[in-house]
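2 protein chains.
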Amino acid sequence: MTSQRPTSVDIVEVGPRDGLQNDSHLLSTDAKVEMIRRLAEAGLRRIEAASFVNPKRVPQMADAEAVLARVVDLPGVSVSGLVLNARGFERALAAKLREISFVAVATDTMATRNQGTTALGLVETWSDLAVRAKDAGLFRSVTIAVAFGCPFEGEVALDRVIDIARAVAESGVDEISLADTIGVATPRMVEERFAALARAVPGVPMRAHFHNTRNTGYANADAALRSGVTVLDASLGGLGGCPFAPGATGNIATEDLVSMLERDRVASGISLEALRDATCWLEGEMGRRLPGHAAHVTPWPAVLAA
Amino acid sequence: MTSQRPTSVDIVEVGPRDGLQNDSHLLSTDAKVEMIRRLAEAGLRRIEAASFVNPKRVPQMADAEAVLARVVDLPGVSVSGLVLNARGFERALAAKLREISFVAVATDTMATRNQGTTALGLVETWSDLAVRAKDAGLFRSVTIAVAFGCPFEGEVALDRVIDIARAVAESGVDEISLADTIGVATPRMVEERFAALARAVPGVPMRAHFHNTRNTGYANADAALRSGVTVLDASLGGLGGCPFAPGATGNIATEDLVSMLERDRVASGISLEALRDATCWLEGEMGRRLPGHAAHVTPWPAVLAA
Numbered sequence: 001m002t003s004q005r006p007t008s009v010d011i012v013e014v015g016p017r018d019g020l021q022n023d024s025h026l027l028s029t030d031a032k033v034e035m036i037r038r039l040a041e042a043g044l045r046r047i048e049a050a051s052f053v054n055p056k057r058v059p060q061m062a063d064a065e066a067v068l069a070r071v072v073d074l075p076g077v078s079v080s081g082l083v084l085n086a087r088g089f090e091r092a093l094a095a096k097l098r099e100i101s102f103v104a105v106a107t108d109t110m111a112t113r114n115q116g117t118t119a120l121g122l123v124e125t126w127s128d129l130a131v132r133a134k135d136a137g138l139f140r141s142v143t144i145a146v147a148f149g150c151p152f153e154g155e156v157a158l159d160r161v162i163d164i165a166r167a168v169a170e171s172g173v174d175e176i177s178l179a180d181t182i183g184v185a186t187p188r189m190v191e192e193r194f195a196a197l198a199r200a201v202p203g204v205p206m207r208a209h210f211h212n213t214r215n216t217g218y219a220n221a222d223a224a225l226r227s228g229v230t231v232l233d234a235s236l237g238g239l240g241g242c243p244f245a246p247g248a249t250g251n252i253a254t255e256d257l258v259s260m261l262e263r264d265r266v267a268s269g270i271s272l273e274a275l276r277d278a279t280c281w282l283e284g285e286m287g288r289r290l291p292g293h294a295a296h297v298t299p300w301p302a303v304l305a306a
Numbered sequence: 001m002t003s004q005r006p007t008s009v010d011i012v013e014v015g016p017r018d019g020l021q022n023d024s025h026l027l028s029t030d031a032k033v034e035m036i037r038r039l040a041e042a043g044l045r046r047i048e049a050a051s052f053v054n055p056k057r058v059p060q061m062a063d064a065e066a067v068l069a070r071v072v073d074l075p076g077v078s079v080s081g082l083v084l085n086a087r088g089f090e091r092a093l094a095a096k097l098r099e100i101s102f103v104a105v106a107t108d109t110m111a112t113r114n115q116g117t118t119a120l121g122l123v124e125t126w127s128d129l130a131v132r133a134k135d136a137g138l139f140r141s142v143t144i145a146v147a148f149g150c151p152f153e154g155e156v157a158l159d160r161v162i163d164i165a166r167a168v169a170e171s172g173v174d175e176i177s178l179a180d181t182i183g184v185a186t187p188r189m190v191e192e193r194f195a196a197l198a199r200a201v202p203g204v205p206m207r208a209h210f211h212n213t214r215n216t217g218y219a220n221a222d223a224a225l226r227s228g229v230t231v232l233d234a235s236l237g238g239l240g241g242c243p244f245a246p247g248a249t250g251n252i253a254t255e256d257l258v259s260m261l262e263r264d265r266v267a268s269g270i271s272l273e274a275l276r277d278a279t280c281w282l283e284g285e286m287g288r289r290l291p292g293h294a295a296h297v298t299p300w301p302a303v304l305a306a
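Chains A and B are the protein sequences, given in the same order. For the first sequence, position 246 matches number 246 in the UniProt record's numbering, and the numbering has no gaps at all. For the second sequence, position 19 matches number 19 in the UniProt record's numbering, and the numbering has no gaps at all.
I should point out that these hints are in silico values taken from the structure, not numbers from a laboratory. Be a bit skeptical, because a hint or two may be false.
What the hints assert, rightly or not - Distance windows between CB atoms, simulated:
| id | chain 1 | residue 1 | chain 2 | residue 2 | range |
| --- | --- | --- | --- | --- | --- |
| 1 | A | D163 | B | Q4 | 21 to 31 Å |
| 2 | B | H296 | A | L120 | 34 to 44 Å |
| 3 | A | R57 | B | S28 | 28 to 38 Å |
What the hints assert, rightly or not - A few chain A positions that, by computed beta-carbon distances, are all more than 10 Å from chain B:
| id | residue |
| --- | --- |
| 4 | E90 |
| 5 | G149 |
| 6 | P205 |
None of the values given here were measured: they were computed from a predicted structure. Ideal Cβ positions, reconstructed from N, Cα and C, are used throughout, including at glycine.
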């Protein structure tokens, strides 16, 4: 017996945000714009292009507005920004985004360390922003960070994640994402948590965010698809991490995810060939090889040797 | 709804064979023996320690008999060797192995290039060896190579794999493995092929062999476990490849597999800590970092930051 998977999936490219914000290599504004344009040309329809954080704390995102101004009108693409608080929400509005990703956090220690408030405090922030975002006509995605484990508190109880999801849904939301911020999720755990999420907030589209820190990222992506998730995050080349989460490494690579899904008959509308080219270009910009594999092996199906 | 997985799995360590035979770095006989001893101490109960190939063609395996003589009696461990033909079978007998892995091949081109005969020719070789191995009291595992794709012929029809499996089972076998020799399998494909194998040869234990070439190896391992496979191959550090299969890269890493399975409540009887130590030791011997992740990240569960 084989598992049920959707016939298609939406991939959200998070490389320009999650990828670059954790990298010691500062990409120029021009290069960021070029990266986003290449991703759009490859077929990405949702691109998380910036994070509205304090530029003194995260210099990689200091040019957020400059980048967004040049890509927000890319045809057919929803460009989004990561919003952590009311200040970030104002910046998203000013940048004329049509989609925001708000970050809730499953543990108090992580919330306090990164955002100076508790997990519940962030839920309260969202209850205010949810209304304002709806009034502004924005698509509202909320990510629950450290939903599979926390670098400060260790294991995170599923009940805690579900309580936050319920509160977020009550305030209003168009999509809820569970994020494995530090790469400790495994496939059975992914099945269990998304099954519980689907029961807790029926009808709310589910999204998943995985890091390949312990080599389980692609297994988790497949588990998510088998569990009702219809939106997956990935980053070009597998760039990524989290400056506030010790031990986090790269996201799953967009090109490796597309390569796996294509062969498993899950359509993404994205060109693997264009992604491979974009990754090679990005590696030139970053000055190093990135963790993804697909850009460096012969595409399949293909006869590799005569 | 969550998937069914077994409560425990047997892992066959193939690093000393599949890992080393493809590596340009020649490990000394002493280091190979040390590697195998460390694996046994970590809890591995099945170790593929050598391949009976032509030493002129594969110098990495030239000391097969010398290695085997020093590890064949490790208590509680079944040390096996890869057998490609009658000559290899004789060498396995002479080395006093109690377990052999014979290699069948799903495509004629791969069989001809590597073993100078057709896929059917190898099945016929097995029909002879199966009886002799049974008479000698050996555990008989047969691997069907390139079962998910061939570097020479491209896609491999499932019917072809199943026909070979049926013929192998008719000759007698204690376990059949499907090998993704070049790392092109994906989870849905793994589910489909093992479901078909289970129907074709009911009652024959199923084993799986994956390479992480395109970052699908761990997703495939999880898919195999959800499809009735009870034995998984892996190599310490993710060493590996195939000298005769262009484009093949490392096996899935034993420590990363154990790390994933532990968290998903699938017991392997293997110590992750001992594997991490062994990988770090092996990296010193090989003079480079290996592809596995688990030896280089903080073990989980653990609070990573104060």
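Distance rule for P205/A, whose beta carbon must clear each one in chain B by more than 10 Å: Given that every Cβ of chain B is farther than 10 Å from that of P205/A, nearest at about 19 Å, it holds.
Minimum Cβ distance from E90/A to chain B greater than 10 Å, as the annotation requires: 31 Å, holds
Consistency of beta-carbon spacing, S28/B to R57/A, with hint 28 to 38 Å: At 51 Å between Cβs, range violated.
Is the gap between the beta carbons of H296/B and L120/A within 34 to 44 Å? Given a distance of about 36 Å, which is inside 34 to 44 Å, the answer is holds.
Would you say G149/A is clear of chain B, with no C-beta pair closer than or equal to 10 Å? G149/A not clear of chain B: closest Cβ-Cβ about 7 Å, inside 10 Å.
Could you say whether the range 21 to 31 Å given as a hint is met by the Cβ separation of D163/A and Q4/B? 29 Å, holds
Checked against the numbered hints given earlier, this structure breaks hints 3, 5; the rest are met.
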